[in-house]
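The opening position of the sequence shown corresponds to residue 132 in my numbering, with each subsequent residue numbered one higher.
Read the hints as simulated data drawn from the structure, not as lab findings.
Backbone N, C-alpha and C fix where the C-beta goes; we use that ideal spot for every residue, glycine too.
Certain hints may be false.
Claimed, not checked - Have a look at the derived ranges for each label pair, beta carbon to beta carbon: (1) Lys195 <-> Lys289: 29 to 39 Å; (2) Lys289 <-> Lys247: 24 to 34 Å; (3) Thr398 <-> Cys433: 32 to 42 Å.
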Amino acid sequence: MKEEDHDFVTEEKSFICSQNENTSARNLAQNSGTLNSHLREASGEKAFKCQQCERSFQLNKYLKNHMRIHAEDKPFTCRHCGKSLSNKGSLKTHMRIHTGEKPYSCPQCRMNFTYKPTLNAHLKSHTGENPYICKLCGKSFSQKGNLKYHMRVHTGEKPFTCDQCGRSFSYKVTLNRHTRIHSRENCCTCHQCGKSFTDKKDLRNHVTTHIGEKPFMCHHCGKSFTRKENLKTHMMIHTGERPFMCHQCGMSFTRKENLKTHMMIHTGERPFMCHCCGKSFRLKGNLQTHMRLHTGERPYACLKREKSFTNQKDLKCHLQTHSGKKQQCLEYGKMFRKRSSFKNRLRIHSGGRRFNCDQCNKKCILPSHLQIHLKSHADVRPYSCSFCKKSFKWFAYFKLHQKASLCVKSRLHLHQS
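Working from the sequences, and respecting the hints, build out all of it.
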């Protein structure tokens, strides 16, 4: 009997998912392979790993699709910005940036999102689910990736480096924003004053300065703000909340930016250098204020006397001399006009030495004392005499060298001229 004369009866097998308890909604698979794939999706298991970047995926097809990112061939180009992508799906998703399309809607608050993972992360904000907790500061996150990024606050890791100036950044989005400085790409311009910005958010914040509108008011003290974020930060003054803590000395701050600036005390980092005298600063604003010493600019003037200052802080301290108000040290009875001087005096009496040197464990009362001490370890001599090329660790010694005419070559130069 020929094989084709037989009617083969095959028994249809359905593989049922045991994880879905609702019988009416059970997932039926035609083969065990499909069932295994479904089970991996249900359990969250990611068995397929990329050998180039170590990302993991639940299904092999997702891994194959991901591998196109590493391929040099990127045939799909965006007609708006020229960005090249490895597949048609990625181009379609990318186009939402230009079209503004947000197809994923939250069923609870009706917020719309461009990407599904962003919606999934948002949904956890309604349930309050934050399973990923930072062991150093206790802050919790809804996604593992967000915890990973957050850890860079504590570790100081900056994996993204600008290939034009060498500056490093903790996040890729910050690097992308920075690179626009080099390319002069200012996509957002203020129509009122013509000032340009690399980021739309920065432009929105700037526009509020022209409007003068301050819709966010503090119900404790009545102070108003242009942005909700500023009000939220301000409220911490009343609540006493300081969520950003330094893991080296225990000081805490209301703002992340203040913690980052403070960390430079411990690391000794001073990225902004004066090209006139070589003095370095932690903040760009401090360098700009310092430059006024060289230019002679004094934009802050006292209305009561014909006296002007290079920065607002000095003017504020000067105005206290007119008010006559002083703060008294209870230990010795000494009076202080400046609040900062008064606070420093209190630290001296309390004996609190919170600023530790990570090289010799010496403890200092004030951050300025630690900065001075750190120079004793460093072999850097940033202050250089333009006549004899002698260099100094300390600015005070450099000034003394010039004022006291200790430099023989400078005296000869003056004599010849």
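Going down the list of hints, with the structure as the test:
no., hint, result
1, Lys195 <-> Lys289: 29 to 39 Å, "32 Å, holds"
2, Lys289 <-> Lys247: 24 to 34 Å, "30 Å, holds"
3, Thr398 <-> Cys433: 32 to 42 Å, "37 Å, holds"
In this structure, none of the earlier numbered hints is contradicted; all agree with it.
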